[in-house]
Each structure stands twice: as structure tokens, then as C-alpha cells.
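Trainee: Now for the letters of each chain:
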Amino acid sequence: MIKKGIGRQIVLQYFIVVFVTLFMVEVIFSLAIRVYYYDTIYNHMSTHSTWASDFFQKFVRLNAERDPDYFTEMLRTFELDNTELMILNRKGEVEASSNAFQADKAIQTSDVSQAAAGSVGKWVGRQPSTGEMVMAVSTPLQVRGENRFIVRFVTSLEAVNSNLMKLSLLSAAVCLAVLALVTLFSIGLANSIVKPINNIRAVSAQMAKGKFESRIKGNYRYELGELAATLNYMAQEIVRSNQIKDDFISSISHELRTPLTGIKGWSETLTLGGFDPEETKLGMGIIAKETDRLIGLVEEMLDFSKLQQNEMKLVISRVNLKELLQETMLNVWAKAEQKGIQVKLEDRTVQNITVVGDGNRLKQVFLNVVDNAIKFSNENSWIHLVVSRTEPEKVLVEVVDTGIGISEEHLNKVKDRFFQVNHQGGGTGLGLAISQQLVELHHGEMDIHSELGVGTTVSVKLPLAEPEEEDLESTDTTGESAVSAGDGPDNKSGPDKEGEMR
Amino acid sequence: MKRVMKLIHKAWITAAAGSLLLVALSGCSIIKDPKSLMETPQLSSDKESLISVINAEIKGAQIIRPRDVSDISSIRTPDLNNDGVKEAIVFYETPDEAVRIHGMILEHEGDTWIPKVKFDGEGQVLETFELRDITGDGRLDIIAGFTSGEEDPQKGLTVYTYNGSEVENLLTLPYNDFLIDDLNQDGLLDLTVVTLKRDQNATVTVYQYNDSFQELDHIQLDDPIKEYYNSVSGNITPTLKGIVLDAAFGTHYAYSHLVVMKDGKLIDLLPSQDSTFKNYPVLSGDVDGDGILEVGRSEKPKGWETRPYDDIPLFSYFQWEEDKGLKFVMQQYMDLAGRFYFNFPKEWWGTVTIDPKSDQNEHLWFTKIDSGETVAEIRFFSLSEWERNKEDWELMARDNDKVIGFLSHTDLKINKGEKEIKR
Numbered sequence: 001m002i003k004k005g006i007g008r009q010i011v012l013q014y015f016i017v018v019f020v021t022l023f024m025v026e027v028i029f030s031l032a033i034r035v036y037y038y039d040t041i042y043n044h045m046s047t048h049s050t051w052a053s054d055f056f057q058k059f060v061r062l063n064a065e066r067d068p069d070y071f072t073e074m075l076r077t078f079e080l081d082n083t084e085l086m087i088l089n090r091k092g093e094v095e096a097s098s099n100a101f102q103a104d105k106a107i108q109t110s111d112v113s114q115a116a117a118g119s120v121g122k123w124v125g126r127q128p129s130t131g132e133m134v135m136a137v138s139t140p141l142q143v144r145g146e147n148r149f150i151v152r153f154v155t156s157l158e159a160v161n162s163n164l165m166k167l168s169l170l171s172a173a174v175c176l177a178v179l180a181l182v183t184l185f186s187i188g189l190a191n192s193i194v195k196p197i198n199n200i201r202a203v204s205a206q207m208a209k210g211k212f213e214s215r216i217k218g219n220y221r222y223e224l225g226e227l228a229a230t231l232n233y234m235a236q237e238i239v240r241s242n243q244i245k246d247d248f249i250s251s252i253s254h255e256l257r258t259p260l261t262g263i264k265g266w267s268e269t270l271t272l273g274g275f276d277p278e279e280t281k282l283g284m285g286i287i288a289k290e291t292d293r294l295i296g297l298v299e300e301m302l303d304f305s306k307l308q309q310n311e312m313k314l315v316i317s318r319v320n321l322k323e324l325l326q327e328t329m330l331n332v333w334a335k336a337e338q339k340g341i342q343v344k345l346e347d348r349t350v351q352n353i354t355v356v357g358d359g360n361r362l363k364q365v366f367l368n369v370v371d372n373a374i375k376f377s378n379e380n381s382w383i384h385l386v387v388s389r390t391e392p393e394k395v396l397v398e399v400v401d402t403g404i405g406i407s408e409e410h411l412n413k414v415k416d417r418f419f420q421v422n423h424q425g426g427g428t429g430l431g432l433a434i435s436q437q438l439v440e441l442h443h444g445e446m447d448i449h450s451e452l453g454v455g456t457t458v459s460v461k462l463p464l465a466e467p468e469e470e471d472l473e474s475t476d477t478t479g480e481s482a483v484s485a486g487d488g489p490d491n492k493s494g495p496d497k498e499g500e501m502r
Numbered sequence: 001m002k003r004v005m006k007l008i009h010k011a012w013i014t015a016a017a018g019s020l021l022l023v024a025l026s027g028c029s030i031i032k033d034p035k036s037l038m039e040t041p042q043l044s045s046d047k048e049s050l051i052s053v054i055n056a057e058i059k060g061a062q063i064i065r066p067r068d069v070s071d072i073s074s075i076r077t078p079d080l081n082n083d084g085v086k087e088a089i090v091f092y093e094t095p096d097e098a099v100r101i102h103g104m105i106l107e108h109e110g111d112t113w114i115p116k117v118k119f120d121g122e123g124q125v126l127e128t129f130e131l132r133d134i135t136g137d138g139r140l141d142i143i144a145g146f147t148s149g150e151e152d153p154q155k156g157l158t159v160y161t162y163n164g165s166e167v168e169n170l171l172t173l174p175y176n177d178f179l180i181d182d183l184n185q186d187g188l189l190d191l192t193v194v195t196l197k198r199d200q201n202a203t204v205t206v207y208q209y210n211d212s213f214q215e216l217d218h219i220q221l222d223d224p225i226k227e228y229y230n231s232v233s234g235n236i237t238p239t240l241k242g243i244v245l246d247a248a249f250g251t252h253y254a255y256s257h258l259v260v261m262k263d264g265k266l267i268d269l270l271p272s273q274d275s276t277f278k279n280y281p282v283l284s285g286d287v288d289g290d291g292i293l294e295v296g297r298s299e300k301p302k303g304w305e306t307r308p309y310d311d312i313p314l315f316s317y318f319q320w321e322e323d324k325g326l327k328f329v330m331q332q333y334m335d336l337a338g339r340f341y342f343n344f345p346k347e348w349w350g351t352v353t354i355d356p357k358s359d360q361n362e363h364l365w366f367t368k369i370d371s372g373e374t375v376a377e378i379r380f381f382s383l384s385e386w387e388r389n390k391e392d393w394e395l396m397a398r399d400n401d402k403v404i405g406f407l408s409h410t411d412l413k414i415n416k417g418e419k420e421i422k423r
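Order-wise, the sequence lines are chains A and B.
Quick note: the first sequence uses full-length UniProt numbering, first residue 1, plus one each step.
Quick note: the second sequence uses full-length UniProt numbering, first residue 1, plus one each step.
Same shape as in the complex, but just chain A:
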């Protein structure tokens, strides 16, 4: 009926609990009703016996035991409907009985011996002659201050027992009905738990086969709901990261092919052209530049894979952050100048800012961030580098641009590896991911706030170094020191030439 599984387990547990409960109730009920029936009958007989023996002693007591009517009178006094009445002597021999026959032998059951000892005796057992279940109640009867006779009532319990049996069977039937009811009910309950589980299991099996587009449908509550949501999210993430990887491969192929094409074209041109010195110089220059670009790409990927495998080693020293930012500005100066962008350092601190870390790596981070800012800024705009201390022991560097901004939907993903909003822009999509991890290696935080069309703010928060004596000497770097495109020294290395930073 129910196949193996949680459903059957639940039904079985319900069944066992209810069965055990009902079984105990049934047993207790049977015992209690039996005690009630037997006690009522016993009380009926013993009360009658007590009453009759009082009556006998008060009114019927015959002095002359030789009176021929002695026992007849006694039988009449004590007679009780639906019982056999016996008058026994103290040895248990039957002196008179309400049945017509002479008794065969003395009666030796426990009720008689109890009555002979002076108390009311009760015995439940089988009649030796007929095997019938009977209850016998014996009470002593005083004659002249002496327990001379025993009045014994015997009644058949067959009808009582068969009625008790009927009651027990009926109650057992009721119990079975209840059990069946509860079992059916529990099947319903089990289904309400098992069906969602089966549903989720089926969908997850499909997911395991690679069908990540399938989703768990239905509105489940509590743990099951969370499980379903988690699985759905997982599938979605798997699809997305696959997509990102595919994008990366296509973009990286493109990135690799472009310089290679240049190198190949120039090397062929040079081979074919009669080694004109001017032309050769130009060609070789381009080949060298393209090779540098290739190396840069490969370096970036190496960095990334090192970070991925936690094999990145930092060369730790004390770094003056303001100097580092100024160097960065110098590095991007040429590129910024091309787009007419002004890069400004806005220092809101009064002291030297020193952090502990790998200067080259930190520079790599800021170069990347500022380069991105330049890349996504409109021409003739400003980029601000704001250094401030918003909380003790931390320094905050914000790179604020007024560029195209990032939409909310992409904002969460820009730090993911291989993600690029626009694949036409070139690059690997690894820059921000690497920067993020580098900042985290320096125990810092990196956040991006952006609004589409308004601009982007990348904030990098780094812990300050333990102050040393030389740091206490304040340097007057208050106010703004801007590096404009015009007065910056010529710097041949662009943001892509990160080979220099190593």
C-alpha cells in the first residue's frame, strides 16, 4: 500500500503509538469492568447474606434445633434469586441446599474456610461437577453466640463472563476502528510531509543530471521551503558561474588573439619588407608592446590563480599610503590625460598614513581601481581620491568618479571573477576580483557604491599600522594636492603595464 520510505515510517510510528495506547486502554478497561461486575455481584450476595443473617438472628432464631422446619425456614429466610443457597456446618458439610439433591461431599473451597474462621469468604472458580465458572460467597451464621453454620451463596458467572467477553470484543472493535481511522489520518499527514520531499528530491535528481534550468515549484513552509529555495538558488548560481566562465574564455581568447595578431602581422611584414631600419624599429616596438600586453594578461591570471589557491605571498613592510596614492596617480596620468580627465587626491587627514602591507600589491589595487574609474569616466571629468579616517585604527580611501556608473543588477556581480558588464571593453574581468582579495589579504574591506549614470565610488578600508615614533611627526599634507594631466611627469607605464609593479 505504502512504499518504503519516510511516509511508511511516519504511518508506522503513528500506528505503533496509537496501537500501544489503545491496547493499554483496552486492557485497563477490561480489567476495570471485570472488577466492577464481580464486585457488584459479590456485594449483592454478601449484603443480602448479612441482612438475612441479622434478620434470622432477630426474628427467625429457633431455639429448638430439632424443629423439623429448622432448615426449611432457614432456606426461606436466606433465599436469593438466581443463586444456589447452601447451609453448611463448620466442617463444610452441606446441611441443606436449595437444590433438590443430597450433596455429595463436604465443600472445601477457600470461601468456606474463611467463613469458618469467622469472616465473609469469596471464591471464584469452576464447579467440580459441571466445570461452570461460579462465584461463591460464604458468611458465618451465629447460633447461640457460636458460628454454627455457614451460609453459602453460589451464582453462575457464565452469563457475566460472556457479557464481559462481548464488552471486551466490542471495545476491541472500537479500538480497531479508531486505529484504522488514525492510520488513514496518518497516511494523509505523512503525504503532506512526503510529497514536497519527493518533489524536491525529483527536481534535485534532475539537477544532478545537469538540468539546471529545472526549478522546485510549490510553496512549502519551514525547513522544506528553505531547502527548496536553497536548491533553486544553487542551480541558478551554477548556471550563472558557468556563463561567467564561458564569457571569460571567449573574452580571454579575444584578448590573447589581438596582440598575437599584431605580433604575427608585424613579424611577417618585417620578414617580407627588406629590413628597412625605420620600419624594423617601429615593428619591433609594436611586437615588444604587444608581448608586454600578453605578459600582463598572463601575470594577471597567474595572480588570480595564486589568490584562488591561497598561494599569494605578500612582502610585508610599512607603507606610506599617501605616497603610494601619489605614485598611482602618476602612473595613470598619461591615460587620464588622453581622456582629459583630472585625477585629484583629496587628503582629509592630518598625519602620515602608514599601513602594514605589501606596497606593490596595494599599488596594484589602487591602479586597478583608478584605471577602472578612468575607463568608465566620461571625457573631461574628475576623479577624486579621498583619504580619510572615519573610524580609529582604520583609513578609508575612496575613489570617486562621475562616470557611467553600474546598474544595481550588476553591482553585486562586479567583484565576481570573469564578470564584465560590457565585453567590448577588453580585459579579463579579473581585476576587481583580484583587488578585492588583495584588500582582504591586508585585513581590509572593499566596497562599491554606484548609481547608473551618476558615478561610482569604490571605497577601500585598510587597518592603520601600529604608530612608530617617526610617524608621530606630522607632515603638512593638509589641503588638496591635485595632479593634473598637465603637470604630471611622463610615465610610460599605463594601468595595463602592471609588470612594472612587481
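Since the hints were derived computationally from the structure, they do not count as laboratory data.
Do not take every clue at face value.
As the list claims (entries may be wrong) - So the derived list for chain A, only partly shown, Cβ under 10 Å to chain B, looks like this:
(1) TYR36
(2) GLN57
(3) TYR70
(4) THR83
(5) ALA96
(6) GLN102
(7) ALA103
(8) GLN142
(9) THR155
(10) LEU157
Think of the CB as a built atom: it goes at the ideal place given N, C-alpha and C, for glycine as much as any other residue.
Based on these hints, arrange chain B on the given structure of chain A.
Mentor: For chain B alone, kept in the frame of chain A given last:
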């Protein structure tokens, strides 16, 4: 799925309600008053079949019991004709017929009973019926006593014998009491019949069967009484057999006859009433259980000489000794209102009396005759008094509103140990 569950629920609610209703309705008839389920126990199938055969045979007549204190059972199943097969004897009455009482004999055959013979009884009431081999032929005979049912102690005795096919009436006699014993000690039972001429005299006649019933001897007793309230037969001395007749006169005075058969002749050993006079009709018989009959007599305790006989609660019992006459055997205190009695312990005989100041309904003192020292007390308590005193007093008897306690000043106990007062 929810809808399905709902549907299931609806169906089951209906089913559950239905079954509950069913239980409630059927419960009315199945939970019964336990008392209404009591039944008279069945007889064994053998007896059941016998009763049904008898009832079928007597056609609505009533099975009767003998008015007999020794055995009031109405159906008896001995082997009457000594053939190894049980017979059943039953008496029944047909109030509207000329012959009112009938007897019937049935024989056990296989699993059932076959009615063999019916015979007529006498009179209106079956007084007694006994099964004894009075004819000495090895077969039980039926000895039945009948009366007219009126307040007339004259009864009719009939002896029947059954030979396997028919019932023969051996003897019909008027009687007041009859006793079956072997008075002449010849190894065969004889029949002693007591007949009374009211307020004049009585005759004791002994019959024995020898082809027919023959009189062995008879004796006339000058007792102007209405009846003997007690008659027993047995050993008077270890060698002599006889009967004891207790005669009552006046309101409750009584005396006894001791009649023995010696050399085939009946002798009244106690012709005088005085030696066995009693102010209360106590029963003669084998009181001490030694196999020899005793006769009772009132005994005035020391110090009671001035009090009337009516009050005396002390009785002595005597056996007969052939040369010496009556021999004292035991003494018994008997409450004249019938509430209790007890036998004096041996060491009290002749040494302890009942203090004359005793009130038999309140407090009794038993004192030593020589020193006047109290050895025991008997007191009547109300139930509340008894609760206060039951530590010291032994319970002797109790009824609804009174408790009778016994207090011993010696190591005497009731029904316990060697020193006890026997009940």
C-alpha cells in the same frame, strides 16, 4: 493535495461519527446491570436430566422436601435393590387428588433415567424419609413418615421395600417418634417406635423384621405430656444400647427417660422425673462426643439455693453406670435467652460457682467456692463500651447491639490452648 485531504477528512468525520453513534446505541444493551446477569449454577448434566425426567413424569405436580432436620433433600439417588445401578427416589404432591403424596422410583440407564414405579404415600405432609436396610436383606428400604398436616403430633410411619420392579408396603404404624438402631445388638437394625396418648402415657415399642415386622418388646411410660421434644438412640453404656427421650411439661420444664434393652427386654432406667429435672429444655445426647449418650439436668450453683429454678443457667450432664446409676460427666453454662453457652473447664467442676449477685443479662462472676476469689467474668457490653474494653476482654459472642465478653483471671482462654472453655 489540500483539497484531497479535506475530502478525506470529511469522509472520515462522517465515518467516525457514525461508528460512535453505533457504539453509543449498542452500548445501551451491552452494558447491563451485573445483578441481572447472575444465574443459578447448573446442576451436573446427570442431575439435570434426572430432574427433567421427573418433571416430565409428574406432570406439573410439585416435588416435596421432607420436614426433616437431618436431611431435607427431596431427591436421593442410592442403589435400592443392590443391583449396582443407582435408583432415584422422589416424593411429590398432587394437591387435587385423593392420594396427595406419591413416591416415584427411577432407574439410571445409560445416560438417562427411566421411571420404574410409582407408589402412594399416606397423609398430607411428608415428615421424613430415610433409606436404611431395616429388613436386613442387604437392600435399602424406604422409611417414610407422614402427617395429616394439622397440629396433631400423630404421625404415620410406612416402610417400603423395592425389589427392582415393584414397591411393597411392609409396615404401616402410627407413631410420634421413631428411631432406627440395633437396640438388641443382634447385628440387624430394629425399629423403635414411640407412640403417645396425649397427656396420658407413652409406649415405646421395638420391632424387628423377620419375614414381617415382629414386636420384640414394648414398655409403657407414664408421661402425661404432649410430645417428646427430643429423642436419640445410641450407647447408654459401653455395652448397652437404648434411647433417651426428653419430655417437656409446663411452660419449659423438662425431664428425661433413659430406656435400654437388656436381654431383649426394655427397661426404664429413670422412672423418676426428679433426677433429670431441668428448668429449660436442654437436649440430651452425646454432648461430650465420647460415643455414649448423656442426659442433662439443672444444677443449682452454690449460693443459689434460694433462687427459683427458672433462673438457673447451669446444667450438668450425666452418663449411666450400670451399678452406680448416674455419673457426673460435665457442666455447661447456658444463657437462657439462647445468646451463648460454654462448657465449664474440668478444674471448675465442684470448685467454682456463679456468684449469686450476678445478673444474667448484665454481668456474671465465676468465683471459687472455698475462697470466693473471682476466676472469670462475663459481661454484656454495648458496642461503644466494647470498643473501650476490647483490649482486656475476649470476645465471646456478638449481635447487633451487644457484645458479650469474657475476662479470665487465670490462664484460661476461650477455645485456645489446653486450658480453655469449650464451645
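Trainee: Which earlier hints can't be squared with this structure?
Mentor: The structure conflicts with no hint, since it agrees with every one listed earlier.
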